[in-house]
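Please model the entire structure based on the sequences and the hints provided.
Chain order of the listed sequences is Z and R.
At position 224 of the first sequence (counting the first as 1) the number is 224 in our numbering, and the numbers step up by one without a gap.
At position 203 of the second sequence (counting the first as 1) the number is 203 in our numbering, and the numbers step up by one without a gap.
For the record, the hints were derived by calculation from the structure and aren't laboratory data.
Mixed in with the good hints, there may be bad ones.
Said to hold, decoys possible - Each pair of labels, with its calculated beta carbon distance range:
1. Gly39/R x Asn128/Z: 38 to 44 Å
2. Thr185/R x Trp334/Z: 46 to 52 Å
3. Val313/Z x Lys347/R: 39 to 45 Å
4. Lys181/R x Asp327/Z: 43 to 49 Å
5. Glu193/R x Phe103/Z: 42 to 48 Å
6. Pro192/R x Gly33/Z: 52 to 58 Å
7. Glu193/R x Ile11/Z: 53 to 59 Å
8. Glu217/R x Lys335/Z: 31 to 37 Å
9. Thr215/R x Gly68/Z: 55 to 61 Å
10. Ile209/Z x Thr215/R: 43 to 49 Å
11. His62/R x Gly68/Z: 51 to 57 Å
12. Leu173/Z x Thr215/R: 38 to 44 Å
The C-beta atom is built at its ideal place from N, Cα and C for all residues, glycine as well.
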Amino acid sequence: MYDFTALIGSITNLLNETFSPFWAGLIMMVSLGVALLLFYAVLGLYLVYAERKICARMQNRMGPNRVGPLGIFQTIADLIKLLLKELIYIKNADNFLFNIAPFIVIVASIMAIGSIPFAKGLQAIDLNIGVLYILAISSMGVIGILLAGWASNSKYSVIGAMRSGAQVISYELSVGLALLCIITYAGSMQFSEIIASQQDGWWLFKGHIPAFIAFVIYLISGTAETNRGPFDLAEAESELTAGFHTEYSGIKFAFFFLAEYMNMFIIAAIATTMFLGGWLPFHLFQWHGFNRVMDFIPPVFWFFGKTAFIIYVMMWFKWTFPRLRIDQLLALEWKYLLPINLMNLILIAFLTLMQWHF
Amino acid sequence: MEETLLDIDMQEKEEYIINMGPQHPSTHGVLRFETCLQGEKVKYLIPHCGYIHRGIEKMCEHLTYPQIIHLTDRMDYLSAHINNEAVALCIENAMQVEVSDRVKYIRTIFAELTRIASHQLWWCAFGMDLGALTTFFYGLRDREKILDIFEETTGSRLTQSFNTPGGLMSDIHPNFQKRIKEFITYFRKKLPEYDQLLTGNIIFRERTKGIGMMTKEMAIDYGVTGPSGRGSGFHCDIRKIAPYSAYPFIKFNEITLTEGDTYSRYLVRIAEMWESLNILEQLVDNIPQGSTMLELKVIKAPKGEFYQRVETARGELGVYIVSDGGPSPARIKFRTPNFSNLFVINKLAAGHKIADLVAISGSLDLVIPDIDR
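What follows is the structure, encoded as structure tokens:
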């Protein structure tokens, strides 16, 4: 019903007919890049706004309510402030690495956005190894964090960066294994095919209990990978002032800040795609009338609705839980999540082999 | 200090010094911990105080006794009323006058309200130290009610200076009793929320249980008093040991736990809030009639030495006055609870992680201006 494939295809054809192949490719690349960047910036800003409003709601506060109606332009005002702020250069810091670190972090998350399917056909690139690509690209961000901590030449930053390194590398395993469970079910790493395999039911529902376990583990380790919530040890402000970005100011700080929120969005978007059927509408058994109404809601709304729900859950974590300690954090991963995950994967492999899932 | 910084063995042992404070979010003020770390592990730490030293004791020598009261607000600003009370009691003892029962009751009600307000703020800050940011707003929401009660009667929310040698600055507001009763019912409903949000949380328990073990002997050696000492089974509640004001007239329990870890210090404070509500309930309906101010022409302590101790929200506050018979003290010394509570932190935190250091210093409930005076 809402298929973007034809639209995108016709635009591509039009470009190919009017320009030479080189110029057509260039125009497509640039326009896509600009669109993604704009999307990235606007979404990042409004995730910050959403976080502030939601946390205010949880804390008996109003949240931003001065700039614009309900304060919706507050984050834009903040961004302008951050843009105009003086960048502080630190003596004895490794300037090259110090300057490049925020870009690595933000580039990693922008690249990951590229392969997220927002609706049928509305996907910048549908790689046949989409899941692997996202895992690989999003884990590049930790290099930026490590560099930021190291190049700042500050002890707080180094402690934060080392914590972050240990944390992200450990939890990467859990994220990967939890996604492997669904890949095993779906039999593909391509996002469009994974979504197609959920046409008759989301993996969360038709994957039995193992899929549910994988979903919970994915949520926990996904939150850990974004350095948020109860796992924000890398920037534990009561211990390390601000962790790895202590020494950053102005727009470079904003990059870290934005990247954190966009990583949250990416984690939630992948969870949506893998477990909650991506942009597919919610269907109930054979209730055709109900299903028809659900079909009527555009897939983009479904995708963003599900993603927003998961983002809300992640914010809920953050604003209600105390922070873990570093040894507890690593113990949780290596002693609990990883063994459970491995057993879960074996179970799912068995279920898939016997064709016991719905 | 220079010696430790220049320690050449340090690099071989892979140790490094990190200065937590004087500007650091976890120290709640201008306190500096010179912390020696090995990786994330705390090897030892040296607290450095004096960043907010204002010389209150020396200033007191040049002020008359009623004026001194106003300075004591600025020591432990979260127990401002109890600090006032200590000085007022000490001077009254020296002059050998006794205030009316009405004054005693009102002072005690104020003291218990102060204790609750202080523990609420501690609960906020302790949650923040552990990374649970929402606690801050829950605690402050309830503390606001108490501050409103203070404001109505004393005109001031934090540093009330309501006591004066010989009585109170003014009588209570007509709404006073009604609002306290409202607060008691309100807070009885809200206190279980504190447990739901923090006490019952598995992460919170993992973070606090068995962390920063303080034995009873250690508490006595270092003079750790108040809830921190009582968490280790040290019976140090001045309200029980040497009752003053209206405490002899009422029944209450001294809360002690024997574990001595961060979690038990936390539980003691939560239980004290419940107990303070009980105390308030006993007092609020029974405020006797009488004058709120003794007719004292001149406030002068006779020649001699006088000592009075009271239980603030953080422990034992002692006021030691040496008088030469003049209108101001010849020497005055405050034995403040935080100064004694602070220095045990090296024993508690050594060997733990840096995150535990923050939890431990939070559980000791330090107020920095009280350390430096």
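Now the hints, each set against the structure:
1. Gly39/R x Asn128/Z: 38 to 44 Å: holds (43 Å)
2. Thr185/R x Trp334/Z: 46 to 52 Å: The hint (46 to 52 Å, Cβ to Cβ) holds, given that Thr185/R and Trp334/Z are roughly 49 Å apart.
3. Val313/Z x Lys347/R: 39 to 45 Å: Taking Cβ atoms as reference, Val313/Z and Lys347/R lie about 41 Å apart, which means the hint holds.
4. Lys181/R x Asp327/Z: 43 to 49 Å: With a Cβ separation near 48 Å, Lys181/R and Asp327/Z satisfy 43 to 49 Å, so the hint holds.
5. Glu193/R x Phe103/Z: 42 to 48 Å: Since the Cβ atoms of Glu193/R and Phe103/Z sit about 44 Å apart, the hinted range of 42 to 48 Å holds.
6. Pro192/R x Gly33/Z: 52 to 58 Å: holds (54 Å)
7. Glu193/R x Ile11/Z: 53 to 59 Å: holds (55 Å)
8. Glu217/R x Lys335/Z: 31 to 37 Å: holds (35 Å)
9. Thr215/R x Gly68/Z: 55 to 61 Å: The hint (55 to 61 Å, Cβ to Cβ) holds, given that Thr215/R and Gly68/Z are roughly 58 Å apart.
10. Ile209/Z x Thr215/R: 43 to 49 Å: holds (47 Å)
11. His62/R x Gly68/Z: 51 to 57 Å: holds (55 Å)
12. Leu173/Z x Thr215/R: 38 to 44 Å: holds (41 Å)
The earlier numbered hints are all upheld by this structure, with none contradicted.
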